[in-house]
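If you're matching them up, the sequences are chains A and B in order. Per the numbering used here: the first sequence = residues 1 to 313. Per the numbering used here: the second sequence = residues 1 to 425.
Don't take every hint at face value.
[Claimed, not checked] Now the stretches of chain B that chain A is said to cover, found in silico as 3 or more residues with beta-carbon under 8 angstroms:
id : stretch
1  : 248–255
2  : 307–314
[Unchecked claim] Derived pair list, reagent style SDA-like, types lysine to any residue, alpha-carbon separation capped at 25 angstroms:
id : chain 1 : residue 1 : chain 2 : residue 2
3  : A       : K139      : B       : E13
4  : A       : K111      : B       : R16
5  : B       : K248      : A       : V85
6  : A       : K61       : B       : A252
7  : B       : K248      : A       : E104
8  : A       : K126      : B       : K248
9  : A       : K234      : A       : I304
10 : B       : K258      : A       : V72
11 : B       : K8        : A       : I304
12 : A       : K74       : B       : R19
13 : B       : K8        : A       : Y103
14 : B       : K258      : A       : R30
15 : A       : K93       : B       : R19
16 : A       : K61       : B       : L421
17 : B       : K8        : A       : G75
18 : A       : K93       : B       : A252
19 : B       : K248      : A       : G75
20 : B       : K258      : A       : R113
21 : A       : K219      : A       : F4
22 : A       : K67       : B       : R418
23 : A       : K111      : B       : V11
24 : A       : K126      : B       : R16
25 : B       : K8        : A       : D115
26 : B       : K248      : A       : N40
27 : B       : K248      : A       : E159
28 : B       : K258      : A       : D88
Hints were generated in silico from the structure; no laboratory data involved. All C-beta atoms, glycine included, are put in the ideal place defined by N, C-alpha and C.
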Amino acid sequence: MSDFIIKAQELTKNFGDLRAVDHLNLNIKRGEVFGFLGPNGAGKTTAISMMVGLLRPTSGKVFIDGKEVQEVEKGNIGICPQELVLWDFLTCKESLNLMGNMYEVPDDELKKRVDQLLEDLFLTEKANTVVGKLSGGMKRRMNLAMALVHEPEIVVLDEPSEGLDPQSRRVLWNYIHRLRDREGKTVILTTHLMEEADRLSDRIAIIDHGKLLLLDTPKNLKKEIGEGDVVDMKLSDPNKNQEAITALQGMEQVYSVVEVEDRINVRALDAVGKLPSIMEKVETVGVRIADLSVRQNTLEDVFIDLTGTGLRE
Amino acid sequence: MKFISIAKKDVKELIRDRRGLIMILIFPLFFMLVFGFAFGGIGQSNQPHNLAVVNYDKGSTMPLTNKQVNFGTNLTNILGDSKYENTDVHIFNVTQTTETDADAKLKKREVDAELIIPENFSQSVVALLNNTIQQQTAPGTATVTTPPNATSTLIIRGDTGYIGFGVSQGILVGVLAQYQDKLVTEIQNQVKGTPGAQPTKYLQSKVEAIPGTETFTSFDFLAPGMMVFAILLLTTTVAAALTREVEKGTLARLKLTKMRSLDLLFGGMLPWSLIAAAQIIILLLVAILIGFHWQGGLNTLLLAILVGVIGGVASISLGMIIAAFARNDRQAANLGTIISVPTTFVVGAFFTLPQVVIANINGQPFQIYELLPWTHVLNALRTTLTFGGGWNDIAYQVGWALLLTLILFIIGVVLFSRNRLRAEN
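Using the sequences and the hints, build the whole thing.
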């Protein structure tokens, strides 16, 4: 049995003139949490839809356990979509039973799974409540439960934390860890939340404009791309940000200088030691530093570095 | 049996969405009430028509007897006394008034029609009678003076766009023709001296009704049409519901499972068929309450439910076809309405359509409208509910309805599966 459960080869999808996914090549390991990181409109959901067989690629192929995705027996994949995809007038239990029946889960087994899922996702008390009356967080958890009732080998979670409060997010994250650690599931996670990708993923693929930009473990990504610290500063005159960026980019051992929401982020090795020369350089363009902080490099810095800061929607 | 799970889901969704369910059931009910009140007479089949009579007639002298007579007054009395056959209901509520007042009443629709009797009406009747006498007797045996104005014109005035006027003027024209015939017959009998001549019975028409329909109104013809209208409106609801399933993503969720197209569509058909059956029962009850003369008892009700369910499946199939193409539930609902409402007219639910025979099948003419299953559904409902027909009377229509529904269902399944249940392009 191959180590890779999913293989995407030269996956491309065009919508008219727009190329949403551009020759994407990916191998996802069995039993890993694979993070898909990218800004809105980067092509994450389109790529995932093709990988689970919901969307036909313009070109390229997807193999699951060596078989083309359209030939794979249904039930191997469970998908928790970005939107809440629930039947508002069914109760939690009825919704899960319906999905179980559709996947041909035997009745006695289904009953056990439904009870267990409701308990694990803290929904037991709401088992007989119609979905439409659940809170936003509960609906999110139901959305996840619906993808798991048939115990699929591959679980696809498309931005599962969207709109969740910190408590519900923690429940969800613990559950995702459990899916991998205790049940050995392969989890594909798309997100634009850096913390989520950082905490949950074994490997992260950063995609933008439908192209794979980088693929590695969170640790390596931060180390390779984001080595060093980040000096985050605000200038007295933000109109001179571009001038200051040009001046700073010429400095030695400065890896990157980017503008983020009217502030300038300078990533450099030994940032603290370089602070006097950075300040001096900024003053050469005729501004002073109004606010400054130094912090460790995060995955977000890597992400911004690779995908830029412009809005995509 | 995944289709049973789908059917259960749909039943629960239908029942729990109270607002939606009420709309599905109440909307056709509203139409039934409107049409019932408009055309039914609320249980009274024959009602008097309001008639204003303006009598300018100055009278004349009868030939032979030289008696002073006023045929205008005579005609007015006859109109006021006339009754529907075998009932105590008068045909007209006669109001004698002036022309100005009658015109005002017409405009306010307080009267259905206005009859203006001219001042020389009696003279022209006398002229008619004289003419008859001259033809009956040998020249020279009777001396009759012919008045100068031998013809007169009765005016029936009214709003030609008003159905009440249409009915009243139709009856009036008939009554007046008979009045003239009877006058002639009467005078002929008098000239001949026929003993025991029948007393004048001016309104002696014979109406032969189809058994059981003696007390019918337009509503008895329209009520089954209302049921077909309700069934056809299911198209809109089904199309919107299926498209909502696509739009919300629940269909994509189901597509990933082991469910087949037929499970979804057959499962979805069961609850909607129940709705069609419920609509037939509810609409029939309401129709009866507002004056529909239901014939045939429980047997015809069961047959009507069967026919209604077939019509319901045809509408569901049409809904599937629309849902295969609609982009969102609003578009599906609009498309459903645009298609189902004209279809209601085309199948003849509201009025009879001109004959357009396109073929002869087993000696029976086959009209273009009969390519639609709902035409046969409507014919079968009318046959069984309005005329009390049994299975043998509707078997031909049911056969056609079944065949055409099956064709429509296959088209619906193929299109919906191809466009909605496969991986998207």
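Each hint tested on the structure:
Only residues whose C-beta sits within less than 8 angstroms of a C-beta in chain A count toward coverage, and the stretch 248–255 of chain B has 7 of them, enough to reach three; the restraint holds. Remark: the stretch 307–314 of chain B is not confirmed as covered by chain A, as 0 of its residues place a Cβ nearer than 8 angstroms to a Cβ of that chain, below the required three. Taken as a hint, the K139(A) and E13(B) pair is honoured in the structure, with Cα atoms around 18 angstroms apart against an allowance of 25 angstroms. Restraint check for K111(A) and R16(B): the C-alpha separation of about 24 angstroms stays at or below 25 angstroms, so the hint holds.
Using a Cα cut-off of 25 angstroms, the hinted pair K248(B) and V85(A) holds, with the two alpha carbons roughly 6 angstroms apart. For the proposed pair K61(A) and A252(B), the alpha carbon gap of about 21 angstroms is at most 25 angstroms, so the pair holds. As the CA atoms of K248(B) and E104(A) are separated by approximately 23 angstroms, the hinted pair is consistent with the 25 angstroms bound. Using a Cα cut-off of 25 angstroms, the hinted pair K126(A) and K248(B) holds, with the two alpha carbons roughly 22 angstroms apart.
For the hint linking K234(A) to I304(A), the alpha-carbon distance of about 17 angstroms falls within 25 angstroms, and the restraint holds. Only pairs whose Cα atoms come within 25 angstroms are accepted, and K258(B) paired with V72(A) is accepted, the gap being roughly 11 angstroms. Only pairs whose Cα atoms come within 25 angstroms are accepted, and K8(B) paired with I304(A) is rejected, the gap being roughly 49 angstroms. For the hint linking K74(A) to R19(B), the alpha-carbon distance of about 36 angstroms lies beyond 25 angstroms, and the restraint is violated.
Proposed proximity of K8(B) and Y103(A) is supported: the alpha carbons are some 16 angstroms apart, at most 25 angstroms. Restraint check: the Cα-Cα separation between K258(B) and R30(A) comes to about 23 angstroms, which is no more than 25 angstroms; the hinted pair holds. Between the alpha carbons of K93(A) and R19(B) the distance comes to roughly 23 angstroms, so the proposed pair stays at or under 25 angstroms and holds. Only pairs whose Cα atoms come within 25 angstroms are accepted, and K61(A) paired with L421(B) is accepted, the gap being roughly 21 angstroms.
Between K8(B) and G75(A) the CA atoms are separated by roughly 22 angstroms; this keeps the pair inside 25 angstroms, and the hint holds. Among the hinted pairs, K93(A) with A252(B) is consistent with the structure: their alpha-carbon atoms are about 20 angstroms apart, no more than 25 angstroms. Distance hint between K248(B) and G75(A) is fulfilled; the C-alpha atoms sit about 21 angstroms from each other, no more than 25 angstroms. Straight-line distance between C-alpha atoms of K258(B) and R113(A) comes to about 18 angstroms, which keeps the hinted pair within the 25 angstroms bound.
The straight-line distance between the Cα atoms of K219(A) and F4(A) is roughly 21 angstroms, inside the 25 angstroms bound, and the hint therefore holds. Restraint check for K67(A) and R418(B): the C-alpha separation of about 23 angstroms stays at or below 25 angstroms, so the hint holds. A C-alpha spacing of about 22 angstroms is found between K111(A) and V11(B), which places the hinted pair at or below 25 angstroms, so the restraint holds. For the suggested pair K126(A) and R16(B), the alpha carbons sit about 17 angstroms apart, so the restraint of at most 25 angstroms is met.
Using a Cα cut-off of 25 angstroms, the hinted pair K8(B) and D115(A) holds, with the two alpha carbons roughly 21 angstroms apart. Distance check on the hinted pair: K248(B) and N40(A) sit about 20 angstroms apart at the alpha-carbon level, within 25 angstroms; holds. Among the hinted pairs, K248(B) with E159(A) is consistent with the structure: their alpha-carbon atoms are about 17 angstroms apart, no more than 25 angstroms. Annotation: proposed proximity of K258(B) to D88(A) holds, straight-line Cα distance about 22 angstroms (limit 25 angstroms).
Hint compliance for this structure: hints 2, 11, 12 are not met, and every other hint is.
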